[in-house]
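Enquirer: Residue numbers (this note's numbering), protein chains in the order written: chain P, 228 to 344; chain F, 2 to 117.
Everything labelled a hint here was simulated from the structure, so no lab data went into it. Hints are supplied without guarantee of correctness; some may be wrong.
No farther apart than 25 Å at their CA atoms in a straight line, the calculated lysine to any residue pairs in the SDA-like style are these [unchecked claim]:
no., chain 1, residue 1, chain 2, residue 2
1, F, 17, F, 74
2, P, 269, F, 84
3, P, 269, F, 55
So the derived label-pair ranges between C-beta atoms look like this [as the list claims (entries may be wrong)]:
no., chain 1, residue 1, chain 2, residue 2, range
4, P, 278, F, 63, 26 to 32 Å
5, F, 41, P, 254, 30 to 36 Å
6, F, 19, P, 313, 41 to 47 Å
7, P, 256, F, 6, 33 to 39 Å
8, F, 41, P, 272, 19 to 25 Å
9, F, 53, P, 310, 40 to 46 Å
On a predicted model such as this, the values are computed, not experimentally measured, just so you know. Idealized CB from N, CA, C, for every residue including glycine.
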Amino acid sequence: GALVYQYPRRTICKSGTSMRMECQAVGFQATSVAWYRQSPQKTFELIALSTVNSAIKYEQNFTQEKFPISHPNLSFSSMTVLNAYLEDRGLYLCGARWGAHSQNTLYFGAGTRLSVL
Amino acid sequence: AQKVTQTQTSISVMEKTTVTMDCVYETQDSSYFLFWYKQTASGEIVFLIRQDSYKKENATVGHYSLNFQKPKSSIGLIITATQIEDSAVYFCAMRDLSSGSWQLIFGSGTQLTVMP
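Extracted from the complex, chain P is given alone in its bound form:
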């Protein structure tokens, strides 16, 4: 099956500092990677969508200045949370998709849980 790995699984950072999280697609080429944040209340917010050969598209309330994303190849993406504060807490999920019949399905990693002190 599809494998999407995220690292680290958990991280704690001090308020005002930054942290980087990674997403690795194993065994398939991730033509698109979507970064989501799930709040402590379990609601999902799309942060941005990164598609190969296209500009990264950020959703409202999320900016490249705050959540810079790198998608250098078809198997790897990373996102940094800059100047993290309490409201940035949550589970950051990477969802990836590839071609053929599965192209409309997003497969998620286990997430990176961010706590901010």
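Since the structure of chain P is provided, determine the placement of chain F on it from the hints.
Expert: Chain F only, in chain P's frame:
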């Protein structure tokens, strides 16, 4: 605007029984995709099953099946022969093609507890 609603906050069932989780959606588009995911206690989100709106047949994967009622904008998830390890939060999600985006709209989730 698209919207996905799961009215059941939590459900408890006995092991080896069948459970149905409800989901209704709103969309303006005639072509869309519906998904069910489960989130385990560790936070991992696992894709379970998908229904393409143009398909009349209900999707089935293993002991998961869907009850797709397009006129009612409803996509229920049916789990037969439930097992303890099916205990998780189940999310219904939708993506419609008209938005031109890859955004999945998620429901609020249903906590399923399977008891021995």
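Enquirer: Could you check the structure against the hints above and give me the numbers of any it violates, in ascending order?
Expert: 1, 3 and 5
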